[in-house]
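These are the residues of each chain, in order.
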Amino acid sequence: MKVLVPVKRVLDYNIKARANAEGSAVELSGLKMSMNPFDEIAVEAALRLKEAGHAAEIIAVSCGVTACQETLRTAMALGADRSILVQTDMELEPLAVAKLLRQLILREQPGLVICGKQAIDDDSNQTGQMLAALLGWAQATFASRLDFTPGASRVEVTREIDGGLETLSVALPAVITTDLRLNEPRYATLPNIMKAKKKPLETLTPQALGVDVTPRLQLLRVAEPPPRKGGVLVSDVAQLVDKLKNEVKVI
Amino acid sequence: MYDYRAPLRDMAFVVKELLGLSTVSRLSQHEGYAEATDELFDAIQEECARFSQEVLSPLNKIGDQNPARMETGRVLTPPGFKTGYEQFVAAGWNGLTAPVAFGGQGLPNLMGAPAEEMWHAANMAFTLCPLLTRGAIEAIHTVGTPEQRQRYLPQMVSGHWTGTMNLTEPQAGSDLAALRTRAVPENGHYRLTGQKIFITYGDQDYTENIIHLVLARLPDAPAGVKGLSLFIVPKYRLNSDGSIGPANDVRTVSVEHKLGIHASPTCVLSYGDEGGAWGELLGEPHRGLEIMFIMMNAARFSVGVQGMAIGQRAYQSALDYARERIQGVPLGMKSAAPIAWHPDVKRMLSSMKARLEACRALSYYAGQILDLALGEPDPHQRAQAQARSDLLTPIVKGFCSESGLWVANEALQVFGGMGYVEETGAAQCLRDARITTIYEGTTGIQANDLVGRKLLRDQGEMVRSLLTEIKAFLPELNHPAVPGSLTQTMAHVLGLAEQSSLHLGKTALSGNLPQCFGVAVPYLHLMGWLVSGWLMARSAVVAARKLEAGTQEPDFYQAKIATAVFYAEHGMGVSTSLHRIVVGGGPALDGMNPDQF
Chain A
19 MKVLVPVKRV
29 LDYNIKARAN
39 AEGSAVELSG
49 LKMSMNPFDE
59 IAVEAALRLK
69 EAGHAAEIIA
79 VSCGVTACQE
89 TLRTAMALGA
99 DRSILVQTDM
109 ELEPLAVAKL
119 LRQLILREQP
129 GLVICGKQAI
139 DDDSNQTGQM
149 LAALLGWAQA
159 TFASRLDFTP
169 GASRVEVTRE
179 IDGGLETLSV
189 ALPAVITTDL
199 RLNEPRYATL
209 PNIMKAKKKP
219 LETLTPQALG
229 VDVTPRLQLL
239 RVAEPPPRKG
249 GVLVSDVAQL
259 VDKLKNEVKV
269 I
Chain B
107 MYDYRAPLRD
117 MAFVVKELLG
127 LSTVSRLSQH
137 EGYAEATDEL
147 FDAIQEECAR
157 FSQEVLSPLN
167 KIGDQNPARM
177 ETGRVLTPPG
187 FKTGYEQFVA
197 AGWNGLTAPV
207 AFGGQGLPNL
217 MGAPAEEMWH
227 AANMAFTLCP
237 LLTRGAIEAI
247 HTVGTPEQRQ
257 RYLPQMVSGH
267 WTGTMNLTEP
277 QAGSDLAALR
287 TRAVPENGHY
297 RLTGQKIFIT
307 YGDQDYTENI
317 IHLVLARLPD
327 APAGVKGLSL
337 FIVPKYRLNS
347 DGSIGPANDV
357 RTVSVEHKLG
367 IHASPTCVLS
377 YGDEGGAWGE
387 LLGEPHRGLE
397 IMFIMMNAAR
407 FSVGVQGMAI
417 GQRAYQSALD
427 YARERIQGVP
437 LGMKSAAPIA
447 WHPDVKRMLS
457 SMKARLEACR
467 ALSYYAGQIL
477 DLALGEPDPH
487 QRAQAQARSD
497 LLTPIVKGFC
507 SESGLWVANE
517 ALQVFGGMGY
527 VEETGAAQCL
537 RDARITTIYE
547 GTTGIQANDL
557 VGRKLLRDQG
567 EMVRSLLTEI
577 KAFLPELNHP
587 AVPGSLTQTM
597 AHVLGLAEQS
607 SLHLGKTALS
617 GNLPQCFGVA
627 VPYLHLMGWL
637 VSGWLMARSA
647 VVAARKLEAG
657 TQEPDFYQAK
667 IATAVFYAEH
677 GMGVSTSLHR
687 IVVGGGPALD
697 GMNPDQF
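Chains as they are written, first to last, in our numbering: chain A, 19 to 269; chain B, 107 to 703.
Keep in mind that the hints were calculated from the coordinates and are not lab data. Careful, some of the hints might be misleading.
Cross-link-like lysine-lysine pairs, in silico, DSS-like; alpha carbons within 25 Å at most [claimed, not checked]:
| # | chain 1 | residue 1 | chain 2 | residue 2 |
| --- | --- | --- | --- | --- |
| 1 | A | K215 | A | K20 |
| 2 | A | K215 | B | K122 |
| 3 | A | K50 | B | K122 |
| 4 | B | K122 | A | K216 |
| 5 | A | K50 | B | K652 |
Isolated chain B (complex conformation) (with noise of 0.2 Å):
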């Protein structure tokens, strides 16, 4: 077994040299941003790292071979899990970036992000709960009443309640145009009836109490998911001093058995089997989607974080075996050495360290741009952020899941017949790593959302303000330390991005949407490859001029330039099949026709 050491040093890098926390910190009026200095983020993220290498670490295990189980009618999570929990409540990491005025520290995403990767990649199963009460406060706190942010904020800030997502139904998963759940008023309130699936910490014993956000119609909606309403419904009532009231009508009907992450319950809810389960209105009826938009958008880029995460541990693992592994002479090479010096197992190695570099540097920017999306004073900067933001979210998401189940799965081929084994850690990592690319919207949802509303709905605009940047970026690699081939790779995929992305409008405006659609996701990819490729080559700039001035550390820096090269080399090389199958794939997927399959 191989035990998760979080890379503070590469995290640093990203976050104060790369991005800097000062872009973040001078939005001084919002939130806790202007706490956001260097000091601060080494004092937190050192106690992070210990945090999640002693204590969410070691039970990461026990939780995949003890999977959480119904018994009488409640949920348990494996031994370990809850007092596990009870210490990340107590050490107060549920509030890093809630918000002050509900007794969170209001600390940027930019710090947010590397402790949501540490917390992932120590134990994703447990850090999906308190990924998900994220999510709702960030929900109720945007369009809750007064008096329901009062209501529910504290607790689930400290996290003494979690709280939970409820979309999906049997017949209604990635359609949500299909949800049957019944809201009827009664009394100032609401009765709901219908069955949940899929509902990650749907019941929990940590807590004793937690707040559902639940998906339903009410009696007079139109159809569709413009009809859709958002519902808070707690686990248990409460009392009008706030204190814990009856059970209300939500049952648990079961827990599902699943590939990964064991220990998370995904649960069946049932709610209103006696008669319906009380429920208050969260914002305007109909209007629960876009609602539940706020909720799945910081879902969605916690889980391209969530993506990395596990891919990092994956490539450690794969790391520390390849290094103490010996089999065979390599090339070139006097007696028989660990497998981390035959050339196909370097190159392994060599390509997720990259890949795992790049999806940090693009989703902690991501969570740079969100900063500013919520920070920027300027009515108009903060517009600009917002769709950036926007437009990142899709590719961080579905680049990132992909790129960390890649990786898991080539850390497991490192490790040989021996990460086919249980015992190594290897095949859990590949089979947590698998739902990432799923829930939150599956890679295909991820590809639609690119194409369909971020970048054929404003013409084009989001992506060329995007292109425009990398492009004024490109003279900056003019540095004698930073290889001239890095230039020309960057300036090729750009030509690439901006070809497909031309076409892509073209075919739409022609009225051949499905076309656009079916080849979406390679798209997405072409799109990630080239963001993240010029994070790295941002990155390979700040290294040459860290180099120029002196520094303590050469090694480190001449590496962030030669994983830079490396990526760009061996990871984006792919940009041109994939721009290939953007702009000539569409007319032969037509031409398929799966009667005939």
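Chain A on its own, in the form it takes in the complex (with noise of 0.2 Å):
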């Protein structure tokens, strides 16, 4: 079996975002980029499915600027086989990554994508659900567990919900979006990252995969929060109940 992983290039968690000095994106030049933290847990998931021998090739896949070269390097250099990269310096929608990944999956014939449940950059948590749908394959989100019966054709998924665990059994062919329990992510090691440079990497183009990319929505503005004002110390409890009740009138 196949596994297909997508990965994002993202702002690399340690660094605050900053709304650039237009208002109109997110501040991202000049800073440290890095694999999308729940996507390096999808990289995992599919490596620890190679290693239990239920997966025999791992393709990881990237659309966006000629920079995702460097998160693919990263799923080879973690072990991934290969990877393609769609190349397009357009702002890419959630519905515009499914549908290029739907038309990589239909080449590739995968018989599971494991991808991240969002992206930290944008949050949307759309990409998995919109590909699971345009593909009619069975979907399991949020996933903290997966169990394969090898040969089988079905895979039990643990998802967290709210208020607790639920335990689905998915029909493969299947798209998983991974949460943060599933795994914890391993170290690239250093003849690992040697390797990756000699790993192949693919390069497409939305028109090639004859996908049209044009984004849907417009964004209009791009804002950091309020700034915090300073608290205030109360006296005790009363003052405390008070100030909740009569000031912020909140309860």
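Got two chains here, separate frames each, mind docking them using the hints?
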């Protein structure tokens, strides 16, 4: 079985995001970019399937600017076998990404797609679901545990839902999106970082895949949350309750 | 507690923009040097930073608070260190610059130095173990027989065995001529007896074997350092198939209680309590010290990197603190502000930043020259690079370790009373940094090496070639974005170094060697300021050209120029007094008599 893992290049999670001077976008120039952390978990999940003998090949895919190659090299340094970049300078919305992935999936015929539940830059949490719908495949989102039975046509997925855990039996092929607690991603080893340079990285374009990625949404403004105002020290609980009740009027 | 973050942008500037990986990747016949591309560098840096920050750094304080100790005859490292070491080895970091033929990646030192900086900054006491293994690998690889290389290197390169360096004995520290450990031939191998002290990672609970390299005397050995031979003495003897055999006659007597690097077990080892430890000769008889110097030079370069690295950790935490600690209204401001804005704190932070960047450039430059000395195909160029490398070794070790210690001290000062309290980690940095000017040859020994072997032995040739190269660079500073004061300071300090070198040469010719060596340390410092200042000035030129060509990082490059200027004015300013001590301080020292003290 082939496993396809989409990975997104995002502003590194250690960096505090700021709006640019014009308020038209998040400032990215000169800042460190990394693989979306949920996608790292997806790569790790795929690697574990391969190590357990359930997967034969792992293909990492990224859609976006040329620099996404670095993200793909990272995925290959972790252990992905090859990768595909759908190169475009256009701002991509989740639906456009889902359509691009669908075309690649029709070509590659993977038995499973594992992707992060959302990207930490736009927090859309849509691509995996849209992709499953476009393909007509089963989907299991927010996975915290995967149970494969060798040779079975279904996979058991435990999901984190409000108030507890839900376990689904999902027919393959399927789209699984990962939650934080599915696994702890490994560190790339030095020999694998060096090998990653030589692994195949194919570059395609949306045109070549016949997908129109023109944005359907218009971004009006990017603004930072207002800075926190200074707090007030209250002398006792009675004063706190009084303020909450009469001043802030929340109780 | 302030966590370490690798200064990746500054590192990349030195490696990719100031020095350039293409200078070493063109040496494509040598080891894995051809692989040294910018792209691979970035990939390695990123992962190495993650590993250092997330695995090694969190163990740093644990190691300080839970020193390595002995229990029932064996050494136990602090909690978490064994797992950390296993992760380090599993990730393949141990083989970064190790020979390709034995499982390493054979990458150049120019790529190894930044990785080493991150490991040391994240956890210096941890990183001493791979540092020494690397030195032992180099010695066995350089002079070992094919069988010895095959027997030991694969396991040492992978990190499944570690290596140590055994020189010091109770009566023989800096003076190795006084060594007493004996090696007696027996059926093609040797039996060693004697006691070694200050053996870093002389025992540990990480690996199933430890390969000790031990200096000892053969029965027919001449007296003095010319009578020392080097032996490979494994903790466990090997069976003929290379598997681990019976325990060798090596015993850990005790572990020292030290000022810093608490996690690193500094051992007293006793060889031959039960009749003699099994050993095999490494290299030729009586040539042990020369071979040990292969290890030692690698280790001296690494300690230079280490000194700078520990300074970087200290600086970062001081900077974080100075940015959040609000005290008083700085001059020229209207309301209370973080202390970083008070002129004197700003000066301290600037001095630390500049000195660290200068030492980073200096130590990575030494790595680059080492690569050329190993990989240049042309014998003449290779010899020239080797001469430059020989000259740089004492300067890098001496100046970068002294600078790291100075930075750690200043960093504690920025914290004020909180720095003196252990909680902030500033005190640990200072305690850890303190050893770097001592081990692998004290600053005094480095200065003696610089003056005796590097300056005087070849009538100043090595030094002259360096000074000529710096002089030839000066016209490049004529760039509109580089202030003229930088050229003036560089030319001035270059002149002082020339005069100081000449003076030492003349003093030596007149037979007054004690006067030369009496001012060797100030001379080493002067040369350190000069060479690091030259690299800072070169950085300013690189930055000026980037700004001219147009860049998305104008702030970064402007800061590079400002930092070079600051370094010249605030740091290199002391060159004048150092020069004065070198040319005039000898007779005053002659006038001092310890009997009268």
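Each hint, compared with the structure:
1. A:K215 - A:K20: Holds, at roughly 21 Å.
2. A:K215 - B:K122: Roughly 19 Å separates the two Cα atoms, so the pair holds.
3. A:K50 - B:K122: Holds - the C-alpha atoms of K122 of chain B and K50 of chain A are around 17 Å apart, at most 25 Å.
4. B:K122 - A:K216: 22 Å, holds
5. A:K50 - B:K652: Answer holds: K50 of chain A to K652 of chain B is near 20 Å, not above 25 Å.
Taken one by one, the earlier hints all hold for this structure without exception.
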